[in-house]
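Peer 1: Listed below are the residues making up each chain.
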Amino acid sequence: DTGVSQNPRHKITKRGQNVTFRCDPISEHNRLYWYRQTLGQGPEFLTYFQNEAQLEKSRLLSDRFSAERPKGSFSTLEIQRTEQGDSAMYLCASSPQGGKVYGYTFGSGTRLTVV
Amino acid sequence: DQQVKQNSPSLSVQEGRISILNCDYTNSMFDYFLWYKKYPAEGPTFLISISSIKDKNEDGRFTVFLNKSAKHLSLHIVPSQPGDSAVYFCAASLKNAGGTSYGKLTFGQGTILTVHP
Chain A
1481 DTGVSQNPRH
1491 KITKRGQNVT
1501 FRCDPISEHN
1511 RLYWYRQTLG
1521 QGPEFLTYFQ
1531 NEAQLEKSRL
1541 LSDRFSAERP
1551 KGSFSTLEIQ
1561 RTEQGDSAMY
1571 LCASSPQGGK
1581 VYGYTFGSGT
1591 RLTVV
Chain B
15 DQQVKQNSPS
25 LSVQEGRISI
35 LNCDYTNSMF
45 DYFLWYKKYP
55 AEGPTFLISI
65 SSIKDKNEDG
75 RFTVFLNKSA
85 KHLSLHIVPS
95 QPGDSAVYFC
105 AASLKNAGGT
115 SYGKLTFGQG
125 TILTVHP
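Taken in sequence, the protein lines are chains A and B.
Okay, so the first sequence: first residue is 1481 according to this note's numbering, each after it adds one.
Okay, so the second sequence: first residue is 15 according to this note's numbering, each after it adds one.
Think of the hints as simulated: they come from the structure by calculation, not from any bench.
Since this is a predicted model, take the numbers as computed values, not measurements.
Built from N, CA and C at the ideal position, the CB exists for glycine as well.
Among the clues, some could well be false.
[Stated by the list, open to error] Under the rule of at most 20 angstroms between Cα atoms (straight-line distance), these lysine-lysine pairs were calculated in the PhoX-like manner: (1) K1537(A) x K68(B); (2) K109(B) x K85(B); (3) K85(B) x K68(B); (4) K1537(A) x K118(B); (5) K109(B) x K82(B); (6) K19(B) x K85(B).
[Stated by the list, open to error] Here are the in silico distance ranges between beta carbons for each label pair: (7) Y53(B) x N1487(A): 17 to 25 angstroms; (8) G30(B) x Q1534(A): 22 to 30 angstroms; (9) S1538(A) x N81(B): 47 to 55 angstroms; (10) K1537(A) x Q17(B): 15 to 23 angstroms; (11) S1546(A) x N41(B): 26 to 34 angstroms; (12) Q1497(A) x K85(B): 38 to 46 angstroms; (13) S1507(A) x P54(B): 41 to 49 angstroms; (14) R1495(A) x S22(B): 32 to 40 angstroms; (15) T1556(A) x V92(B): 39 to 47 angstroms.
Chain A extracted, bound-state conformation (with noise of 0.2 angstroms):
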């Protein structure tokens, strides 16, 4: 296992279209998180999941976001209707259950440019 792993790494796209990440967690780790990092801000907590369960989400995740991780293994987020304020680096990130904070392994990301 090398991690985790996020896909694609970039993705450009026209406003008004739909996107959709893939987040692949490290294969032990039972809880699954998104953020999203702006140009010169730290990563902003979107979600998180234990197992397939969406147990938190952000006032920042409109009602055009969704992700799913339905079986508990590899997540996706959706984005619908794409908006240029929409364009950042979305990162997630995975970490066992019940396991220290420093156990929390993040992906390389998927830059998002709405154009």
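Assemble chain B onto chain A, guided by the hints.
Peer 2: Structure of chain B alone, referenced to chain A:
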């Protein structure tokens, strides 16, 4: 509401000298603090952490200090090396109702560290 703040956008130091990165927080319920390092085009990598019940944690060249009364923590890197040049993020976590840390992190804005040879 920025609950974790890193007020210095950048820091430049000479190789071999000490780098001190600072972080302030406002939420006294944070129970764990972490520092992450981030290179361009990569995700953040965990560096060092400290529990709210301690005031110092050391790991090799890296030491984190926590001053709870001031709601302030700092990361010391001694000696600094050119390979330490990166963006450093301070982050904090809360305990959930069950008393365990559930992993949602609140990050500061980051400090760009440049170590000159």
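Peer 1: For every hint, state whether the structure bears it out.
Peer 2: Status of the hints after comparison with the structure:
1. Taken as a hint, the K1537(A) and K68(B) pair is broken in the structure, with Cα atoms around 31 angstroms apart against an allowance of 20 angstroms.
2. At most 20 angstroms may separate the alpha-carbon atoms for a hinted pair to count; K109(B) and K85(B) meet this at roughly 17 angstroms.
3. Using a Cα cut-off of 20 angstroms, the hinted pair K85(B) and K68(B) holds, with the two alpha carbons roughly 13 angstroms apart.
4. At most 20 angstroms may separate the alpha-carbon atoms for a hinted pair to count; K1537(A) and K118(B) meet this at roughly 11 angstroms.
5. As the CA atoms of K109(B) and K82(B) are separated by approximately 16 angstroms, the hinted pair is consistent with the 20 angstroms bound.
6. With a C-alpha separation of about 11 angstroms, the suggested pair K19(B) and K85(B) falls inside the 20 angstroms cut-off, and the hint holds.
7. Evaluation of the 17 to 25 angstroms hint for Y53(B) and N1487(A) yields a pass: the beta carbon distance comes to about 20 angstroms.
8. Distance hint for G30(B) and Q1534(A): a CB-CB separation of about 48 angstroms, inconsistent with the stated range 22 to 30 angstroms.
9. At roughly 29 angstroms, the beta carbons of S1538(A) and N81(B) sit outside the given window of 47 to 55 angstroms.
10. Roughly 18 angstroms separates the CB atoms of K1537(A) and Q17(B), a value that falls within the hinted 15 to 23 angstroms.
11. Here the CB-CB span from S1546(A) to N41(B) is close to 29 angstroms, well matched to the stated 26 to 34 angstroms.
12. The beta-carbon spacing between Q1497(A) and K85(B), approximately 43 angstroms, falls within the hinted interval of 38 to 46 angstroms.
13. Distance hint for S1507(A) and P54(B): a CB-CB separation of about 28 angstroms, inconsistent with the stated range 41 to 49 angstroms.
14. R1495(A) and S22(B) have their C-beta atoms about 35 angstroms apart, which keeps the hinted 32 to 40 angstroms range intact.
15. Between T1556(A) and V92(B) the CB atoms are about 43 angstroms apart, so this pair conforms to the stated range of 39 to 47 angstroms.
Hints 1, 8, 9 and 13, counting from the list given before, are not met by this structure.
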